[in-house]
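Asker: Listed here are the chains, written in short residue letters.
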Amino acid sequence: AAGVIQSPRHLIKEKRETATLKCYPIPRHDTVYWYQQGPGQDPQFLISFYEKMQSDKGSIPDRFSAQQFSDYHSELNMSSLELGDSALYFCASSGPGLAGVSYNEQFFGPGTRLTVL
Amino acid sequence: GESVGLHLPTLSVQEGDNSIINCAYSNSASDYFIWYKQESGKGPQFIIDIRSNMDKRQGQRVTVLLNKTVKHLSLQIAATQPGDSAVYFCAEVQGAQKLVFGQGTRLTINP
Chain A
1 AAGVIQSPRH LIKEKRETAT LKCYPIPRHD TVYWYQQGPG QDPQFLISFY
51 EKMQSDKGSI PDRFSAQQFS DYHSELNMSS LELGDSALYF CASSGPGLAG
101 VSYNEQFFGP GTRLTVL
Chain L
1001 GESVGLHLPT LSVQEGDNSI INCAYSNSAS DYFIWYKQES GKGPQFIIDI
1051 RSNMDKRQGQ RVTVLLNKTV KHLSLQIAAT QPGDSAVYFC AEVQGAQKLV
1101 FGQGTRLTIN P
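If you read the sequences in order, they're chains A and L.
Just so we're aligned, residue 1 is where the first sequence starts under the numbering used here, counting upward by one.
Just so we're aligned, residue 1001 is where the second sequence starts under the numbering used here, counting upward by one.
There's no promise every hint is true.
What the hints assert, rightly or not - Label pairs and their computed distance ranges (CB to CB): (1) A/Lys15 with L/Thr1108: 33 to 39 Å; (2) L/Asn1067 with A/Arg9: 37 to 43 Å; (3) L/Gln1045 with A/Arg28: 29 to 35 Å; (4) A/Pro27 with L/Asp1017: 38 to 44 Å; (5) A/Ser65 with L/Phe1046: 25 to 31 Å; (6) L/Gly1041 with A/Lys57: 23 to 29 Å; (7) L/Gln1014 with A/Pro39: 24 to 30 Å.
By construction, these hints were calculated from the structure, which means they are not laboratory data.
Virtual Cβ for every residue (Gly too), placed ideally from N, Cα, C.
Model the full assembly from the supplied sequences, consistent with the hints where possible.
Answerer: Below is the structure:
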């Protein structure tokens, strides 16, 4: 079965550089979520999109931005990278439809490991 | 802010024994909880969920218990196998379906 695809899987950047992470949701899923997981930490919610509109926002720094495109893939743009941005970045997708009474299970991708030197 | 957390960071059990992983949450209004398993180098994987109107739910070899009085969740894994080695997180669903994870517990299996 198709899963969530994230690219790249590994990324090394210098401080103050920019990075773009991509997420391709499971076909027919219309909601994507971004999570950041620091070393030895639990995943922290960053932001989510439903039908190309931001649906929720968490602890995402102002230096980061994200969007969802017409084909439902999403990109997380990170600027002025800091050492503390080194982490695993997971994308998850769910759908179809915005969950109401019931919960739409989130399926996680393999993650992008970002290392900032 | 309110959060979900775990009591123990590591748990070591003998293969074949039962494992119990605990989680405490602080948001008494929480309605939906999920346990995730995360293997090394992989994303979290759904194991089992439970709604606040239930106190127990069983899956294949796994059982989740919810005690709303003390705001406590537990995950029981029966007959633990080497493939169960992973970090386990409890998570609370908040807002527009975002997940609030607790601190993980690393489960290791001794042969």
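Asker: All hints, please: hold or fail.
Answerer: Against the structure, the hints come out as follows:
1. A/Lys15 with L/Thr1108: 33 to 39 Å: holds (36 Å)
2. L/Asn1067 with A/Arg9: 37 to 43 Å: holds (40 Å)
3. L/Gln1045 with A/Arg28: 29 to 35 Å: violated (20 Å)
4. A/Pro27 with L/Asp1017: 38 to 44 Å: Holds: the Cβ-Cβ distance is about 41 Å, inside 38 to 44 Å.
5. A/Ser65 with L/Phe1046: 25 to 31 Å: Because 28 Å falls inside the window, the suggested range holds.
6. L/Gly1041 with A/Lys57: 23 to 29 Å: holds (28 Å)
7. L/Gln1014 with A/Pro39: 24 to 30 Å: holds (29 Å)
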